Amino acid sequence: MNNRMIRYILCQVMRIEGVLMLLPCLISIIYGDGEGMYYGIVAGVLIISGFIGCHFVPKDQSINVKEGYTVTGLSWIVMSLFGCLPFWLSGEIPSFTNAFYETVSGFTTTGASILSDVEGLTHTALFWRSFTHWIGGMGVLVFLLALIPMSGGSNINLMKAESPGPSVGKLVPKIRKTALILYVIYMILTLLETVFLLFGGLNLFDSLCLAFGTAGTGGFAIRNDSFMSYGLYIRWVAAIFMFLFGLNFNAYYMMLMRQFKKALLMEEVRIYFLIVTISTLIIFAKILPMYETAFTAMTDSFFQVMTVTSTTGFGSADFDLWPTTAKVILCFLMFMGACAGSTGGGVKVSRLIILWKSFVREIQALIHPKIVKKVKMDGKPLELDVVRSTTVFLATYMIIFLASLLVVSLDNYDLTTSFTAVLANLNNIGPGLSLVGPTCNYGFLSGLSKWVLTFDMLAGRLELYPILVLLAPSLYKK
Amino acid sequence: MPVFKTRPAGLKIIIVGAGKVGTTLVEQLSHEGHDITIVDKVASKVNDIATTYDVMGCVGNGATYLTLVEAGVKDADLIIAVTESDELNLLCCTIAKQFSNCSAISRLRNPDYSKEANYLRETLGLSMLINPDHEAAKVMSRVLYIPTALEVRSFAHGQALITKIKIPEGNIIDKMTIAELGSKITNNILICGVERDGSVFIPGGSFELAAGDIITVVATSKEQNNFLKSIGFAMNTIKDAMIIGGGRSSYYLADILIKKGISVKIIEKDLRRCEHLNELLPKATIINGDGTNTELLLEEGIKNADAFIPLTGIDEQNVMLSLHAKKISDTKRITKINRTGFIDIVNSLDLGSVFYPMFITADMILAYVRAKTAAPGSNIETVYHLFDSRAEAITFKVTDDSKITGKPLKELKIKKNTLISYIGHNGEAIIPTGNDVISKGDTVMVVTMQTGFDDIGDILE
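Chains as they are written, first to last, in our numbering: chain A, 1 to 478; chain B, 1 to 461.
Calculated from the structure, these hints are not laboratory results.
There's no promise every hint is true.
[Claimed, not checked] Residues of chain B clear of chain A, computed beta-carbon distances all greater than 10 Å:
| # | residue |
| --- | --- |
| 1 | Lys20 |
| 2 | Thr64 |
| 3 | Ile95 |
| 4 | Gly170 |
| 5 | Asn188 |
| 6 | Ser221 |
| 7 | Ala371 |
| 8 | Asn379 |
| 9 | Ser439 |
| 10 | Asp458 |
[What the hints assert, rightly or not] Computed list of lysine-lysine pairs in PhoX-like fashion (alpha-carbon distance at most 20 Å, straight line):
| # | chain 1 | residue 1 | chain 2 | residue 2 |
| --- | --- | --- | --- | --- |
| 11 | B | Lys175 | B | Lys164 |
| 12 | B | Lys41 | A | Lys380 |
| 13 | B | Lys403 | B | Lys415 |
| 14 | A | Lys374 | B | Lys41 |
| 15 | B | Lys41 | A | Lys376 |
| 16 | B | Lys45 | A | Lys160 |
| 17 | B | Lys74 | A | Lys261 |
| 18 | A | Lys380 | B | Lys45 |
| 19 | B | Lys440 | B | Lys397 |
| 20 | B | Lys260 | B | Lys222 |
| 21 | A | Lys262 | B | Lys74 |
| 22 | A | Lys357 | A | Lys380 |
| 23 | B | Lys45 | A | Lys170 |
| 24 | B | Lys41 | A | Lys170 |
| 25 | A | Lys376 | A | Lys262 |
| 26 | B | Lys372 | B | Lys397 |
| 27 | A | Lys170 | B | Lys74 |
These numbers were taken from a predicted model, which means no experiment stands behind them.
Backbone N, C-alpha and C define an ideal beta-carbon position, used for all residues, glycine too.
Chain A extracted, bound-state conformation:
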């Protein structure tokens, strides 16, 4: 275990978080709410300790798979711990459990809140809440890889541990350039959305916060009713950008390389598009009687399908009141989540495609026991390893899901509440149904439930293993 390198990367992460935390200080100065002091203190601590820790560059910079997973898991925990301090110190969220929950929910781009009155927060706190979505969306280690030159090529393991998807690859030979390209695409899309929202009459602060929330597929809004009081234009802009951020970023790179056909023919992109369209149409048909005009029904059904599929979790309507079919479809979409290589959470479309194809293969193998048939993706045969790890992923995922459900059920709320609470946290969505529906929040749950859900959010965002590996006793043996 390369402990020095782990220390070094953790300190780099702290340093970056410290610098990013200076932004809310700026907001505080602009709005004069005096909250910036707390952010300034934490930022100072982070930057100073980060600088000291980074001063000693380890000789051996190799990051093997286990180091990659460990450092990713630890980074996210450290980041959330420091990130929640300003909320807690300033007293805006008095309970530490709640402050930590809220911050993890931010970084993991879940968007589940314990706050009943979001509008009561200062601008500084609102900004930091939304900004954590943006940091967590593409990932802080990917940011680190883009910024800091590291020798050795094994740091691909960092990216593999942090980026979602069954098989993480590079866009270009150099990892630093790959990370840079991803962040540039991310920034351009965020900027575009901000501009579109500004056109819709929102002020710059609101536009930025909502754009951060969408870009990271997070879901923290700045109004108590989330999106319900915004006009149709704003809803469409947000919905379309949620769709865009849920796409595999490889597709954007291909488009930048002018390979439009290849990008649009990506199997995952096509299936994602298909599922979104079909779900929207079914829900539209189901909720049409509840609306006065077909267009608003269309807007809300598309918005809700996108917000759940991309695992953002904004609410443009109280879908808890919708017909059961619509709610069940939304629950399915919560499980599925967005594309691999996007900023969204969930099981990922590509995993479901692989699972479906392995299922078909198994059935055919029952009929023709000697059949030779490989699971293929985009016309290329997949390594057996990828197929195996996908099925194991789903099994692990179900175990965590059921175990969390059991613990949350101790609070003795109804099944829908407990079930969708775990579902919405593990998949980084935010709102669930019933008591945790889009108009409610998670503040009423017990401390134990909150900690379990915090664990679920982290496990869900990092795709289980970086967090699970921290629990393995053999990791700490010499």
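Following the hints, put chain B in place on chain A, whose structure we already have.
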């Protein structure tokens, strides 16, 4: 932490074949900051490399259009084909050249083709054809002319030599400083590197040599011989050589040695290979037998052979044979090692001259790549790795005036652990001192422990 210079614009290089040479190239070239894509048919090999080094992997047959396009051949600068098969390498380069402007380097090992290497290179428009066995044979043959040396490399078109020797106990240069050596023995050589207890130094004037040091000397071949004689090294060249194993490198080495009038004996297990070798090398004595059989070795006169060269395909056998020969005779031994993973162990054994064919191949390709990245004003001619790639000896051709020309060397601020060790000026070899000057048109050799120099200007602070 070693300082790796990251060039803003590294070359886009595609390497086809993830074997030993392919991996060595990936390691060295990715350290030098190039954008590398490795292509191989076996997914697990590609995955291993792509997670160990900062390169992109691509699984598929490197000689097919689709795979090459996926690897990005259309805007690649260079393709290097080093798969197992010569034919595949050539096909791969040929296809790549059809729809890309890239340069192409191919490995070509079969003696049938290597006779036509120049013809192939020109007709197919390749930049370089590399025959690792032949190159290794050339390097090995050079050390047989000066058998007391551990390694001999030539540069500046053969005008000068880099020679590696080990200082024996009680030698006159034992406990002598570099400055004393210059005043007492000769001023016409330069010691550009010393390996002691596993560490490498680029010595200054006050550095004291000691018995057991392995030193690297730069000199013209005439001065080289004078120096070696004056410090008491025997200079008799060898008359006969015994080679174990009849593979490709044995063939090339025997061919070179026979042409130089050295009698060669090859021991090979496979009868059909023996017959084939007999056709190819009518003057060599071919013995059909197991070269690891010590009785047979005695019978064939290992004790009286001037040189003993185990060239079997198995490293362990080569090492054992070399140690065995050391035990029973004082013949000159050359040991070929294919795998680079156990360098530290190999170094701790007394194996005579040790050669890694892999490094020889990688050096040549590296020199080509560096020359391609070099800024106008200087051109790299050769790159040699010294002391298992802990130091590099680079020969530059200075084609234009720059910061380093026209000034006495002592006025130049040269980087740490870097030494200008040779200047070739109008056909005259100069072992430089502080008062010498580099001018346009010179050939300059620099020995450095830094990596990634591709321009003579890089030696300055």
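Each hint tested on the structure:
1. Listed as outside the interface, Lys20/B is consistent with that label: its C-beta sits roughly 18 Å from the nearest C-beta of chain A, beyond the 10 Å cut-off.
2. The beta carbon of Thr64/B is kept farther than 10 Å from every beta carbon of chain A, the shortest such distance being approximately 14 Å.
3. The Cβ of Ile95/B sits about 20 Å from the closest Cβ of chain A, beyond the 10 Å cut-off, so the non-interface label holds.
4. Look at Gly170/B: its CB is around 39 Å from the nearest CB on chain A, clear of 10 Å, so calling it non-interface holds up.
5. The beta carbon of Asn188/B sits about 40 Å from the closest Cβ of chain A, which is more than 10 Å, so the claim that it is off the interface holds.
6. Distance to chain A confirms Ser221/B as a non-interface residue, since its nearest Cβ pair spans about 39 Å, more than 10 Å.
7. Ala371/B, annotated as away from the interface, keeps every beta carbon of chain A farther than 10 Å; the closest lies near 21 Å.
8. In this structure Asn379/B is separated from chain A by more than 10 Å, as the shortest Cβ-Cβ distance comes to about 26 Å.
9. Every Cβ of chain A is farther than 10 Å from the Cβ of Ser439/B; the closest lies at roughly 37 Å, confirming the non-interface assignment.
10. Under the 10 Å C-beta cut-off, the non-interface status given to Asp458/B relative to chain A holds; the minimum distance is some 19 Å.
11. Distance hint between Lys175/B and Lys164/B is fulfilled; the C-alpha atoms sit about 18 Å from each other, no more than 20 Å.
12. For the suggested pair Lys41/B and Lys380/A, the alpha carbons sit about 13 Å apart, so the restraint of at most 20 Å is met.
13. For the suggested pair Lys403/B and Lys415/B, the alpha carbons sit about 14 Å apart, so the restraint of at most 20 Å is met.
14. This hinted pair checks out: Lys374/A and Lys41/B have alpha carbons roughly 17 Å apart, not beyond 20 Å.
15. Restraint check: the Cα-Cα separation between Lys41/B and Lys376/A comes to about 17 Å, which is no more than 20 Å; the hinted pair holds.
16. Only pairs whose Cα atoms come within 20 Å are accepted, and Lys45/B paired with Lys160/A is accepted, the gap being roughly 18 Å.
17. Between Lys74/B and Lys261/A the CA atoms are separated by roughly 18 Å; this keeps the pair inside 20 Å, and the hint holds.
18. Only pairs whose Cα atoms come within 20 Å are accepted, and Lys380/A paired with Lys45/B is accepted, the gap being roughly 18 Å.
19. Taking the CA atoms of Lys440/B and Lys397/B, the gap is near 9 Å; set against the 20 Å cutoff, the hint holds.
20. Under the criterion of a C-alpha separation no larger than 20 Å, the hint pairing Lys260/B with Lys222/B is consistent with the structure, at around 19 Å.
21. The hinted pair formed by Lys262/A and Lys74/B meets the criterion: a straight-line CA distance of about 16 Å does not exceed 20 Å.
22. A hinted pair counts as satisfied when its Cα atoms are at most 20 Å apart, and Lys357/A with Lys380/A qualifies at roughly 13 Å.
23. For a cut-off of 20 Å, the pair hint linking Lys45/B to Lys170/A stands: about 17 Å separates their Cα positions.
24. Of the supplied pair hints, the one linking Lys41/B and Lys170/A holds, its CA atoms being roughly 19 Å apart against a limit of 20 Å.
25. Distance hint between Lys376/A and Lys262/A is fulfilled; the C-alpha atoms sit about 17 Å from each other, no more than 20 Å.
26. Distance check on the hinted pair: Lys372/B and Lys397/B sit about 13 Å apart at the alpha-carbon level, within 20 Å; holds.
27. A hinted pair counts as satisfied when its Cα atoms are at most 20 Å apart, and Lys170/A with Lys74/B qualifies at roughly 18 Å.
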